[in-house]
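S.K.: Once you've looked at the hints, dock chain A with the ligand against the given chain B.
Chain residues, written in single-letter form:
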Amino acid sequence: MKILTLVRQVPDAEARVKINAQNVDLEGTTLVIDGMDEYGVEEALRLREGGAGVEEIVALAVGPKRVEDALRTALAMGVDRAIHVETDEKLDPIALSRVVAQVAQAEGAGLILVGGQEADWDSQALGAATAERLGWPQLTWTNELKLEGETLTGRHDVDDGNESFRAALPAVVTTQQGLNEPRYPTLPNIMKAKKKELRKDDLGTYGAQPTVRVVQSEIQTRARLNKMIDGKDPQAAAEQLLDLLRNEAKVLA
Amino acid sequence: MILIVAEHAGGKLAKSTLEMVTAARQSGREGPVTVLVLGQGVADIANAAAAVADQVLVADMPQLATYNAEVWAAATAQIAQEGEASTIIIGGSRSGREYAPRVAVKLDAPYLEDVIRLSAQGNALQAQRYTYLARVTETVEAEAPVIVVTVKPGSFAPAAAAGASGEQYDVELDLPAPRVEVTGKSVEKSSRVALTEADVIVTGGRGVGSPENFATYVEGLADRIGAGVGATRAVVDAGWRPYAEQVGQTGKTVQPGAYIALGVSGAVQHLSGMGKSKYIVAINKDAEAPIFKVADYGIVGDVNQIVPALIEAAGK
Ligand SMILES: Cc1cc2nc3c(=O)[nH]c(=O)nc-3n(C[C@H](O)[C@H](O)[C@H](O)COP(=O)(O)OP(=O)(O)OC[C@H]3O[C@@H](n4cnc5c(N)ncnc54)[C@H](O)[C@@H]3O)c2cc1C
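Read top to bottom, the protein sequences are chains B and A. Using UniProt numbering, you'd call the opening residue of the first sequence number 1 and step up by one each time. Using UniProt numbering, you'd call the opening residue of the second sequence number 1 and step up by one each time.
Pulled out of the complex, with its shape left as it was, chain B reads as follows (with noise of 0.2 Å):
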């Protein structure tokens, strides 16, 4: 079996986001792998590790020429192959999913890994987007996996709580905290996945158009008071805090 992992490529968490012309500006930005990907990465290192019949762990990614690194570092976790589907042009969620699910049909996968949130456009609809292209089933927000033969039994969150699952490949698994720790490239790695194979694909080929557009983006920061009371008299303090929350915050009675 085949495991497809996802990789997107996204500001560091700690990065500060600036705009510029209405559209976040990445000029100069750090960028990582999307930190809810890694564990889909890590994961699938996981499941072949403990013994389940992985045959190939291949990583794609669909973006600019940048996108490059994403895949490296993925590489060097110890993927063994990636797909970089080379574009400028930003696809949403639903658009994007076209792209993953026609790879993972011409790939054979049985196993789609992909971060449960994005830490850039904060979307959670891509993991169910290309499940239901595939018509295959999802879990996602997974935070614990297993995969016996064909049959993946975990743990993941929903509303109110969490659940075990049971359910036969091929699926879609969303991925998050809490799964694994990802590990880091060791040197070694980092070298060896120089020569693993990075194919380059065009996005010609997947009939992918967006269907959403980005008409403005603002940061909105909320002004703060940023009062700050001195701590070193905690009864004085206490005081003040009721005082300021009662009568100037009114948001006590």
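No wet-lab data here; the hints were simulated from the structure. Glycine included, every Cβ here is placed at the ideal spot set by N, Cα and C. Don't take each hint at face value.
[As the list claims (entries may be wrong)] Cross-link-like lysine-lysine pairs, in silico, DSBU-like; alpha carbons within 30 Å at most:
1. A:Lys278 <-> B:Lys18
2. A:Lys285 <-> B:Lys250
3. B:Lys232 <-> A:Lys15
4. A:Lys293 <-> A:Lys12
5. B:Lys195 <-> B:Lys65
[Said to hold, decoys possible] Covered stretches of chain B (in silico footprint by chain A; criterion: 3 or more residues with CB under 8 Å from a CB of chain A, positions within the stretch not fixed):
6. 87 to 100
7. 182 to 192
8. 235 to 247
[Claimed, not checked] Interface residues of chain B toward chain A, partial, derived using beta-carbon atoms under 8 Å:
9. Ser123
10. Arg133
11. Trp141
12. Tyr206
M.R.: What follows is chain A with the ligand alone, placed relative to chain B:
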């Protein structure tokens, strides 16, 4: 029609459904506001929906007794097609955002996710949503005969009951068999005010030190001032508190009048869930903690000293 899929739990129509009705009425999209109720034994829920909607479609079937993404998507898409819906509005809950993309793919429709505003612009639908862990507000637009939308909970005022009740119709559905088998479930209930509805929230981070301290300080203060209780992911991962209380990117999004953070560092993933609170209070012993950057009132100090004083002073 504008098709809203009702969210309900424990035999009651959820407030989010009333919020979706407001979103539908503000959207400027065409057609009667129609609520689809999926479930089993849902007569009361349908009645409650009829008080706010133009019409209610009721699918009361044993196969709908529990939520399943594939089944919900199939049901929604079928009704949308039969009713020639122009817009489908689904709740921005975990489950809503799980099956809505499937509906969009089934209908070959654009998908506007987790929106906080909706307005028609000619034939197009414009929406606002938060991106980059809620640091950016984006305006997005889609133009198509049918568009799928999920609405972020708490973003629209709940619709008030209209004078007359909407007409109710029973619908038949052809549903797929669920392929994901649920083998166990753990429901996390908090006996307190629901986090998404609380006016004031007291949240504890790892800085409170232990589960015992969490009970004394965080719950203690919350009880004294009638607040809901929240927790950071670090606290939930450590097993001190249930997941139901987690606030942040992978937890709940809250927007209370006041958010009081005790021993919380203020990581971006946490801020993305509470950064829109009206007033933010931070108590942290590290003056450099990022939480102070977004705080309205901050105290640099030890929770072990400040919070007992606060609980005492609040009781006066
Ligand atoms: C993909 C992903 C998703 C995530 N989702 C979430 C999420 O939904 N919600 C979330 O909260 N986090 C989330 N996180 C984790 C987040 O990055 C932080 O690790 C987490 O929020 C830290 O929690 P904390 O502030 O309780 O702990 P810490 O970072 O350990 O901070 C503890 C703070 O307490 C202070 N402190 C210590 N002792 C005292 C004392 N005696 N008195 C006063 N202050 C004290 C310290 O100065 C420090 O600032 C996510 C991370 C990732 C990678």
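S.K.: Evaluate each hint against the coordinates.
M.R.: Consistency of the hints with the structure:
no.: 1; hint: A:Lys278 <-> B:Lys18; result: holds (24 Å)
no.: 2; hint: A:Lys285 <-> B:Lys250; result: holds (26 Å)
no.: 3; hint: B:Lys232 <-> A:Lys15; result: violated (44 Å)
no.: 4; hint: A:Lys293 <-> A:Lys12; result: violated (40 Å)
no.: 5; hint: B:Lys195 <-> B:Lys65; result: holds (18 Å)
no.: 6; hint: 87 to 100; result: holds (count 4)
no.: 7; hint: 182 to 192; result: violated (count 0)
no.: 8; hint: 235 to 247; result: holds (count 8)
no.: 9; hint: Ser123; result: holds (5 Å)
no.: 10; hint: Arg133; result: holds (6 Å)
no.: 11; hint: Trp141; result: holds (7 Å)
no.: 12; hint: Tyr206; result: violated (15 Å)
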